Structure formats: structure tokens, C-alpha cells
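Peer 1: Protein sequences, first through last, are from chains C and U. If you read the first sequence in my numbering, its first letter stands for residue 1, the second for the next number, and so on. If you read the second sequence in my numbering, its first letter stands for residue 1001, the second for the next number, and so on.
For the record, the hints were derived by calculation from the structure and aren't laboratory data. Bear in mind the structure is a predicted one, so any value in this text is a computation, not a measurement. Any given hint could turn out to be false.
The calculated lysine-lysine pairs, modelled on BS3-like cross-linking and capped at a C-alpha distance of 30 Å, are [what the hints assert, rightly or not]: (1) K1393/U <-> K122/C; (2) K114/C <-> K1076/U; (3) K1415/U <-> K122/C; (4) K1415/U <-> K1104/U.
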Amino acid sequence: MSVLEVKDLHVSIEGKEILKGVDLTMKTNEIHAIMGPNGTGKSTLAAAIMGHPSFEVTQGEVLLDGVNVLELAVDERARAGLFLAVQYPSEIAGVTNAEFMRAAINARREDDDKISVLKFIKKLDEKMSILDMPEEMAERYLNEGFSGGEKKRNEILQLLMIEPTFAILDEIDSGLDIDALQVVSKGVNAMRGEGFGALIITHYQRLLNYITPDVVHIMMDGRVVKTGGAELAKRLEEEGYKGLSEELGLQITIEE
Amino acid sequence: MEVKTNQFGVYTQALQNFSSRKQEPEWMLQLRLDALEKIEALELPVIERVKYNRWPLVVAPQLKAEQPALAAPIAKWVKDDPEAVRVVQTGNQTVVEQLPEHLKEKGVIFTDIFTALQTVPELVQEAYMQQAVKVDENKMTAFHTAFMTSGLFLYVPKNVVVSEPFEAIFIQNSEVTDSFMKHVLVLAETHSQFSYVEKYVTAGNEKNAANIIVEVIAKPGSKVKFSAVDQLGVQTTTYFNRRGHLEKDATIDWAIGVMNEGNVIADFDSDLVGDGSHSEFKAVSISTGSQIQGIDTRVTNYGRHSVGHILQHGVILDRATLTFNGIGHILKGGVGADAQQESRILMLSDKARGDANPILLIDENDVTAGHAASVGRVDPEQMYYLMSRGISKEEAERLVIRGFLGAVISAIPIKASRQELIDTIERKLSHDSE
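Excised from the complex, chain C in its bound form:
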């Protein structure tokens, strides 16, 4: 079992504090969801854990099995077991999807233990069929000219290929139609199990109809303000963030 702990995390961007002390603990074999109004720091949390260069951690730590990943470079964090799926991944012309994924897999393996082309292709075919992705997607340039839905499927494909210990999915559901949402959920559910934990960031409860979370965290104004079970997401759907912030006595302006 692995544990990911976020402790008193403070993060700024261009001098403005976005995260004001986030605490959160998750284990493998668990799916956590983070919900919250726009502009509340959910994506900042994801980016700071992964190590995006624009975000400055001013306080706190992120421990993966006791190791502070904030002291690691981005690629080291990934090789330690972290994965972040984003809504708007970079486009890289001239590098095929397949070539990229093979490089990512091999980055985790010793020089004398690189994945064979045959094994790689077999795995890729298998994972792409789970996600209803046409074969030609493998030979297209990484995210170049992909539609929003294709990009998100491709993020999940990478998740399935790389098989990280902890995946953070940052608003992977926005802009997806129901069919795509089901496919993406199928991908994440396929990963569920002993060696895997996920942190799903979403604005809407909708995705959680397909991926049932074990734990739901509500974030407001740069902090986790409430943690509960799957029923918390349902309650939010009915009452909205406003009701919850009133209950908690928070002075927060909600931009819905």
C-alpha cells in the first residue's frame, strides 16, 4: 500500500497565494474526489503536486510514502509514481503518440529491460480498445490537432499505459459528452485496485455517477473545508456550494 499526504500546502502564483494550507491524505485502492467552486485552487493543487514551474510552494510538503516529492524534479516525481491528467495537454508536433508513450514507459525501466516493440504494441492496442480509440491515433502527433475529447481520452490512455501509483485527474470531464464521459470513466475504473489510487478533480458531480469515490473533499478559498463520503457529492448537487459555505460559516464569494 502507498500513501500520498499533502500537509499544510501553501502555493502562490506570481506572488498571489492560491493555496492557503491544504491537508489531504489518500491511499492506494482509494478514489478521492475534490470538488469546489471555480477559482478555489483545485487545479493549483494538482499542478503543485506534479511540479509545474509556474507555481511556487511557499510552505508545507507532499509526501509519497514518506518522501517529500516537492524536492524532486518533475520527471522524478512521475517516476516515483505520480501522474497528472490535464484538460489542455501540450501539443508536440513531430513526435507520435506511440513514440511518446514508449519513451514514457521506458523512462521507468532499466537500460537492459526496455519494453519490446511487440509487447508495447500489444499493450497499446489493448488499452486503446478499452477507450474506443481508433488505431491511427497512435501514429498521430502528440495531441496535435486533437479535439478536446480526443485529448482527454489520450490522457487516460497514457494513464493506462504508464500505470502510475497515484493519478490526479484535473477536470478531465469538462466539455465531454455522456458517451465520452462513460469511456473515460471506464478507463479510470479499469485502473481501480490494490496498487492504484486516484484524485479526481471535478466541478460537477456528473463524473462521480460513473466513478464512485470513496472520499469526497470540498475545497473553498484555497483550503479543504469538508471531507466526507460519496454522499457529500450528492448533497452538493442538491444544495450547491452556497448552502455548504453558509453551513460552514465561510465568508466566500462563489463564482458559479
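Starting from the structure of chain C, add chain U where the hints point.
Peer 2: What follows is chain U alone, placed relative to chain C:
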């Protein structure tokens, strides 16, 4: 030795001897001697934003005797393949000529330039320094004409379509001190179609000048795919001129990897003389160490509805310099012509110097033209994204760069040459830290 001006006259006798030893036709000797007289008065070609007037380029070759044979085995650069349609030259000597019988029967000629001067002098005379490049364009072209000491002639007759690519491998002999004066003449007759791939490498470490002129004469309706991987050595200072002369409805697709290690000025031009002629020019380049590579790429639209496109991508490391000048020139009368260009440079070091200059000269109204140019660094978002998948910084950088240079790689018709360009790129990128 470096030649000072007004000293070229002393080479008259040596050139006469050389020409006679090569059994050149009289007109060829005359062409040389006329050019010799002009060198002194002509100016060096202008390559915008590149100062090279002090480079040791105008160095006369050894004309006295045959160059000694290359000591190094050619296997390092040439993988034996009896099926290949191939010419290999080491220094001034042709060491391999492979042309299948069925192509000979169709009248295809693929041979040493001196052999061609003896066997088909009229074909050479019609085109050599006459249509594409002119003798008196500048000091370098005149110098080349006077002192050319080795070369290749490729002739594809009317309506002949060749599916196998013609492959030329030129190994500069820098085991000796001698200027590399190479001429490649490609003559594509009316409605012929073929592809040609050339490669330049250097054996040995002597400091030498190289002066290379490649002329491609594309007669009406011909289609030529031209690709090249230039890998001349660090001790070689090079003047490179590749020029296409395109007649009515002719097409040349260029894909050039400018991967030399030494200082280079290059002029890659397409003269769209005929109506409906079409040139697609793609180049990639990497400058490393302290080398300077300055590349002028020009397309001149004379013909109506002629199309000239330029796409060049370059990467600079260390303290190196890379300059791309893209020149699109539409002349009066080029009605309906199209001139487009894109030059992009990625700088991987703070000390690198890069320049991408689009130059559009348009003398006709009813045309389309456009340009894009940029000099920048690797996108940190791209690096972050790749690294967030566990890929190391070095590997991520290599992927981004290879992707950036990919447009040309995919345009090369021979798989082995494509791989060679990829390997060359990897090699140039791997010793980036000085």
C-alpha cells in the same frame, strides 16, 4: 595556401595541365580559364547578416598530381548494397559506380563528371554553369568553375521514370590538405521522374575549404525529389550552392539536412522559370560548438502560376550561430505566382545566436505571398508535459527537437537516409555541452 587577389593568373598552366590530364574538351578548359580571369574582380556573394569575408574559402586545390587514395575504409559511411543505384566518390576519385543494366538501356547516365565530359560532352556543355548557376555570378562561382576537381553527372532521359533512388556519397578527403571542389549536375529531361539522395562527409582532420555547386535542371513536366544530408567535418569551411532551374510545369521537392560541423555559407535557390513550375524546399539544420552556418534560401518566381514554398527549421546549441534568410522574389509577369516561407529557430543555449529573416520582394500584383519567422526557446510547457510522464529533461528535449525537425525527415525518400539524418541529429545533440 591562401590565395591573394591578382595571383590567380599563376594557375593558368596548372589548369591547362589538369584539364589535359582529365582529357577535357577544349570548351571546358576555355570555361575554366575565362572563369580564372574573373575571380579577382568579382565580389563574394552577400549572405544577409553573415560576415564571412575572412573565412579561408578561396583556396586553390592541388592540381599538380592525382590526390592520394583515401586511407580510411569507406565502410564507415557506405553500407555495401549491390542493389543500390549508387556513386561513391572519395576525395577526387570515383570508387563505386552502380547503375543497373535496365537503366543504362533507357539511356540513364549516372557517372563521374570527367567521364561524362568525355562520353556525353554536349549534354554537360548545355547545362554546366550555364542555366542554373552562372560562372560570373560572384567570386565563389567563378572560383568554382576555374578549379572544379571532382563531380558527378546524372542524366535521366525524356519520359523515363525511375523508381529506385539515385544515391551519391561524397567523402571529402581531409587526410590531405586539398580544397574540395565538387560539382553535381543533374539533368532531368522532359517528363522524367526520379529521386536523388546525396550525402557529404569528411574523412581526416586537415583544415580544408570546400566549394560545392549542385545544379538541377528540371525540363518541362519533370519531377525531381532531391534530398541531402550534409555532414562535412569541423575543419572544413564550406561554400555550398544548390540551385534548381525549373522549366514549365517542372517540380523539385528539396529536403536538405544541413548538419555540418564546420563553418558553412549556403545558397539554396530555385528559379521558377517556367509557367506552373513548383518548388517545395524543406531544410533542417543544427549548429553546435562555435560553428557558424548561414543559409540563404531563395525562390524566384518568373513563371505564371509558379509556386515556391520554403520551410526551414533549425536548432542552435552551445555558442553556435545559425542564420536562415528566406527570400521570396516574384518578378513582374509572374501572374498568379505563390511564394510562401516559414523559418523557425530553436535556441537551446543562452550563448547561441540565431536569426530568421524573411525577405519578400514582389514586383507583380496578382500573386499570393506570405512569411512566418521565429527565433525562440523550447516551450517550457512542452518540457513540463513530457517530464510529467517520467521522461528525463534530456530525453524530453531530444523529443521536442526531433519533432521540430520532423518535417524534413519525413520528406526524405530513402529509409536509410532518413535514419541517417535522425542519427546525425542525435549525434549533434548529444555532445552539446562544451
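Peer 1: Please write out, lowest number first, the hints stated earlier that are contradicted by the structure.
Peer 2: none
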